[in-house]
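Asks: Sequence:
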Amino acid sequence: EPKNAVLWNYLAKIRLQQGRFNEAAGLAQKSNFLAKGDKKLQIDNWRIIAHARNRNGDLAGAREAQTKIDTLHE
60 EPKNAVLWNY LAKIRLQQGR FNEAAGLAQK SNFLAKGDKK LQIDNWRIIA
110 HARNRNGDLA GAREAQTKID TLHE
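Counting from 60, one number per residue, gives the positions in the sequence shown under my numbering.
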């Protein structure tokens, strides 16, 4: 199911647990692209992205992802 945003999110979580942070962020971004209108899933994806960026030392990118989370909560 290549257009199933939930499956991409699940795979992103697996990659995050495996320490494959760049892949996790990319998969979460793909999920976000497919998850239009599903704020809960988008927030979860941005949390994955924030965590992955933080673990990669990209603190500015992690803050940017947190801003996206905050915006979606509004």
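Treat the hints with care, since some could be wrong.
What the hints assert, rightly or not - Below, a list of computed lysine-lysine pairs in the DSBU-like style, where the Cα atoms sit at most 35 Å apart:
no., residue 1, residue 2
1, Lys-95, Lys-72
2, Lys-98, Lys-62
3, Lys-72, Lys-62
4, Lys-99, Lys-89
5, Lys-62, Lys-127
6, Lys-72, Lys-99
7, Lys-99, Lys-127
8, Lys-62, Lys-99
9, Lys-72, Lys-98
10, Lys-127, Lys-72
11, Lys-98, Lys-127
12, Lys-89, Lys-72
As the list claims (entries may be wrong) - Here are the simulated distance ranges between beta carbons:
no., residue 1, residue 2, range
13, Ile-73, Lys-99, 27 to 35 Å
14, Gly-116, Lys-62, 26 to 34 Å
15, Glu-60, Ala-119, 31 to 39 Å
16, Lys-95, Glu-123, 27 to 35 Å
17, Leu-118, Glu-60, 13 to 21 Å
18, Asn-113, Leu-70, 18 to 26 Å
19, Lys-98, Lys-62, 29 to 37 Å
20, Asn-63, Gly-116, 25 to 33 Å
21, Pro-61, Ala-119, 13 to 21 Å
Read the hints as simulated data drawn from the structure, not as lab findings.
For glycine and all other residues, C-beta sits at the position ideal for the given N, C-alpha and C.
Asks: Take the hints in turn and mark each one as holding or not.
Replies: Consistency of the hints with the structure:
| no. | hint | result |
| --- | --- | --- |
| 1 | Lys-95 / Lys-72 | holds (19 Å) |
| 2 | Lys-98 / Lys-62 | holds (17 Å) |
| 3 | Lys-72 / Lys-62 | holds (17 Å) |
| 4 | Lys-99 / Lys-89 | holds (15 Å) |
| 5 | Lys-62 / Lys-127 | holds (22 Å) |
| 6 | Lys-72 / Lys-99 | holds (15 Å) |
| 7 | Lys-99 / Lys-127 | holds (12 Å) |
| 8 | Lys-62 / Lys-99 | holds (17 Å) |
| 9 | Lys-72 / Lys-98 | holds (17 Å) |
| 10 | Lys-127 / Lys-72 | holds (18 Å) |
| 11 | Lys-98 / Lys-127 | holds (11 Å) |
| 12 | Lys-89 / Lys-72 | holds (13 Å) |
| 13 | Ile-73 / Lys-99: 27 to 35 Å | violated (19 Å) |
| 14 | Gly-116 / Lys-62: 26 to 34 Å | holds (33 Å) |
| 15 | Glu-60 / Ala-119: 31 to 39 Å | holds (34 Å) |
| 16 | Lys-95 / Glu-123: 27 to 35 Å | violated (20 Å) |
| 17 | Leu-118 / Glu-60: 13 to 21 Å | violated (35 Å) |
| 18 | Asn-113 / Leu-70: 18 to 26 Å | holds (20 Å) |
| 19 | Lys-98 / Lys-62: 29 to 37 Å | violated (19 Å) |
| 20 | Asn-63 / Gly-116: 25 to 33 Å | holds (31 Å) |
| 21 | Pro-61 / Ala-119: 13 to 21 Å | violated (31 Å) |
The earlier numbered hints that this structure contradicts are 13, 16, 17, 19 and 21.
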